[in-house]
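Enquirer: As a plain string of letters, each chain reads:
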Amino acid sequence: MLTTSIRLVDAVGIGLRAPHYRAIQDEQFGQYAAPAFLEVHSENFFGDGGQPLAYLSWFRERYPLSLHGVGLSLGSADPLSTHHLATLKRLVDRVEPMLLSEHLCWVGVGGRYLNDLLPVPYTDASLVHVVNHIDQAQSYLQRPLLIENVSSYLEFAESTIPEWEFVAEVSRRSGCQLLLDVNNIYVNSVNQQFDAMTYLRAIPVDAVAEIHLAGYQDTGDVLIDTHGAAVSDPVWALYGQAIARFGCVPTLIEWDADIPTLDVLLAEASHAREIMRHGR
Amino acid sequence: MVADASEESDFAAIQRRMTQAIIDADGVSSPALDDIRPSSLSAARRLAIYRYNVITNLTNALTDLYPVVCNIVGVPFFREAARVFIVSVPSISGNLNDFGEQFGVFLRGYLPAAELPYLTDVATIEWQWHRAFHAADGDSDAAMDATSLISRLGELDPDTLPNVCFALHPAVALIQSRFPLFTVWQMNQPDYDGAWEIDWTCAEMVVVHRDGFAVTIRQIDSATFAFLSALVEKKSLAEAFELALNADAQFNLQGFLLSSVQSNIIIDFSSPA
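Here the protein sequences come in this chain order: A and B.
Under the numbering used here, the first residue of the first sequence carries the number 1, and numbering increases by one thereafter.
Under the numbering used here, the first residue of the second sequence carries the number 281, and numbering increases by one thereafter.
These aren't lab readings, by the way, just hints derived from the structure by calculation.
Any given hint could turn out to be false.
What the hints assert, rightly or not - Chain A side only, calculated, beta carbon under 8 Å to chain B, not exhaustive:
| no. | residue |
| --- | --- |
| 1 | G111 |
| 2 | N115 |
| 3 | D258 |
Said to hold, decoys possible - Incomplete in silico selection of chain A near chain B, CB under 10 Å:
| no. | residue |
| --- | --- |
| 4 | A33 |
| 5 | Q51 |
| 6 | P52 |
| 7 | G108 |
| 8 | L114 |
| 9 | D116 |
| 10 | V120 |
| 11 | F156 |
| 12 | S189 |
| 13 | Q193 |
| 14 | M197 |
What the hints assert, rightly or not - Calculated lysine to any residue pairs in the SDA-like style (CA-CA distance at most 25 Å, straight line):
| no. | chain 1 | residue 1 | chain 2 | residue 2 |
| --- | --- | --- | --- | --- |
| 15 | A | K89 | B | H410 |
| 16 | A | K89 | B | P450 |
| 17 | A | K89 | B | Y332 |
| 18 | A | K89 | B | F493 |
| 19 | A | K89 | B | I372 |
| 20 | A | K89 | B | D378 |
| 21 | A | K89 | B | F521 |
Glycine included, C-beta positions come from ideal geometry on N, C-alpha and C.
Let the sequences and hints guide you as you build the complete structure.
Expert: As structure tokens, then:
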């Protein structure tokens with residue numbers, strides 16, 4: 001089995017979504033370089049067979065692949081779903097991804113799923129709980145997970161630990177690596193009024209194994225992490241700071257709503273690569 | 281290190297209250313409001329963002345799953361039905377592709393749709409389309425291409441032939457309706473250019489299957505339905521044939537088998553030793 005030790009230099013990938021399958025197969029990259037890796041949502045390939053898995057095999061043969069889960073619900077008060085874990089394991093064994101990631105969030109509770117990435121209260125108790133779940137998942141999957149920080153639109157009164165300390169501590173205690181979503185940090189810094197640099201400085205340098213970039217929507221009173229727009233200027237600036245601190249970590253452009261043509265996505269990837277290489 | 285039991289339950293309680301607040305349309309008086317740290321933006325507004333995101337995401341998932349139902353009732357009607365479904369029938373999986381199976385059954389009891397009793401059957405086709413799309417490929421070692429399967433059948437001892445059991449492709453699903461289901465489904469396809477008359481007294485049956493990666497919906501007659509239903513129940517060739525003949529004395533077994541094997545509905549058979 002391949003491991004996460006594969007280190008891609010200057011690697012900028014894109015989130016692989018169905019509308020781009022054909023364009024990537026036909027290498028319609030225009031003036032841009034081919035993506036260095038592709039990332040898919042794990043659950044979209046949880047089926048037993050059919051076209052989705054056939055496409056995935058095709059891409060897996062030609063590109064390093066990252067599996068990004070949205071449904072494991074590591075932060076839920078519920079026990080982890082053994083069915084979900086087993087299905088994920090089957091997929092991991094099938095495609096041997098370069099990277100395997102999940103979110104620091106809960107997706108449902110009491111057996112009822114909301115299928116959204118919801119923030120956990122940041123307390124000593126929830127920290128222990130989340131770390132236990134990550135331990136359980138990592139030992140079942142027999143490989144390290146990358147854990148991603150999520151966007152949020154609220155703070156819990158119950159929280160006693162700043163988000164950045166919580167994220168750092170999750171990594172220290174569980175040994176998981178981090179998928180740092182720079183857009184989510186920026187969105188939260190505006191919504192919760194903290195300094196995004198404080199966040200970056202709290203994250204252990206060696207823990208960051210991937211960075212996500214995406215676009216948000218500004219409603220006037222809050223920033224919404226829509227994944228439906230180009231990466232914003234302040235997020236590019238924060239990304240430059242992240243690269244300065246964490247090095248040339250594999251970076252992914254995510255775009256899930258109002259999906260543009262492939263060249264728009266590749267232009268974003270090209271911009272990220274410029275920042276990686278020249279710090280601007 | 282073990283979490284303190286009372287703190288652990290606080291943590292669960294916060295998640296339960298937030299879930300309830302997201303699902304309830306009236307989040308204004310929700311106890312979850314007190315869980316949110318006061319700030320410039322009201323707690324109700326913050327919860328409303330999550331409610332909007334959750335309902336929109338699940339509604340979009342249903343819209344992708346049920347394009348024909350949506351086409352029949354129109355987008356505003358569909359989105360309202362979807363909202364009522366989402367709040368009343370919990371999603372029970374972290375995999376969004378598992379969501380929505382009960383939408384057809386829900387529509388049967390959804391009063392605003394009472395005048396469209398065939399919607400449930402249309403939704404059943406669409407769920408089975410989704411299931412077939414992700415179904416296993418059915419290319420086990422025992423399976424073989426159509427030509428060799430047919431020639432292997434031909435080589436069987438005629439005495440054992442009646443006891444042969446056929447294996448269906450994992451994608452196959454059969455749907456029997458009291459309504460002209462196939463006609464309705466067909467008329468709501470984007471490329472439909474046929475006639476617009478419909479005989480509502482006509483009860484139609486369909487098979488959902490997958491040939492390669494292409495999911496296909498086909499109308500079948502009652503004898504074919506009887507035969508394939510018997511195979512679903514693992515009945516033998518002789519039993520299935522008898523059931524098909526009961527439905528239609530003229531049932532053409534050879535022609536049916538040939539086309540079923542060629543279209544990948546029947547993918548294998550086993551004969552008793």
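Enquirer: Holds or violated: the hint that A:D116 contacts chain B, with Cβ atoms closer than 10 Å.
Expert: Hint holds; A:D116 Cβ to chain B Cβ min 5 Å, cut 10 Å.
Enquirer: If you take the shortest Cβ to Cβ gap from A:S189 to chain B, is it below 10 Å?
Expert: A:S189 check fails; min Cβ-Cβ to chain B is 14 Å, beyond 10 Å.
Enquirer: Holds or violated: A:K89 and B:F493, Cα atoms, limit 25 Å.
Expert: Within the cut-off at roughly 24 Å; holds.
Enquirer: Holds or violated: A:M197 as interface residue toward chain B, Cβ cutoff 10 Å?
Expert: 21 Å, violated
Enquirer: For the restraint on A:G111, tell me whether the closest CB of chain B is nearer than 8 Å.
Expert: 6 Å, holds
Enquirer: Given A:Q193 was flagged as interface, is its beta-carbon under 10 Å from a beta-carbon of chain B?
Expert: Since chain B brings a Cβ to about 8 Å from A:Q193, closer than 10 Å, the hint holds.
Enquirer: Can you confirm whether the C-alpha distance between A:K89 and B:I372 stays at or below 25 Å?
Expert: Roughly 20 Å separates the two Cα atoms, so the pair holds.
Enquirer: Report holds or violated for the interface hint on A:L114, using the least CB-CB distance to chain B and a cut-off of 10 Å.
Expert: Where the cut-off is 10 Å and the nearest Cβ of chain B is about 5 Å from A:L114, the hint holds.
Enquirer: Should the hint that A:F156 touches chain B count as held when the rule is a Cβ pair under 10 Å?
Expert: 6 Å, holds
Enquirer: Can the hint on A:P52 be confirmed by a CB-to-CB distance to chain B that is less than 10 Å?
Expert: This interface hint holds because 7 Å falls under the 10 Å limit.
Enquirer: Under 10 Å is the threshold here; is the Cβ of A:A33 close enough to any Cβ of chain B for the hint to stand?
Expert: Violated, about 30 Å.
Enquirer: Check whether the Cα positions of A:K89 and B:P450 lie no farther apart than 25 Å.
Expert: 22 Å, holds
The earlier numbered hints that this structure contradicts are 3, 4, 12, 14, 17, 21.
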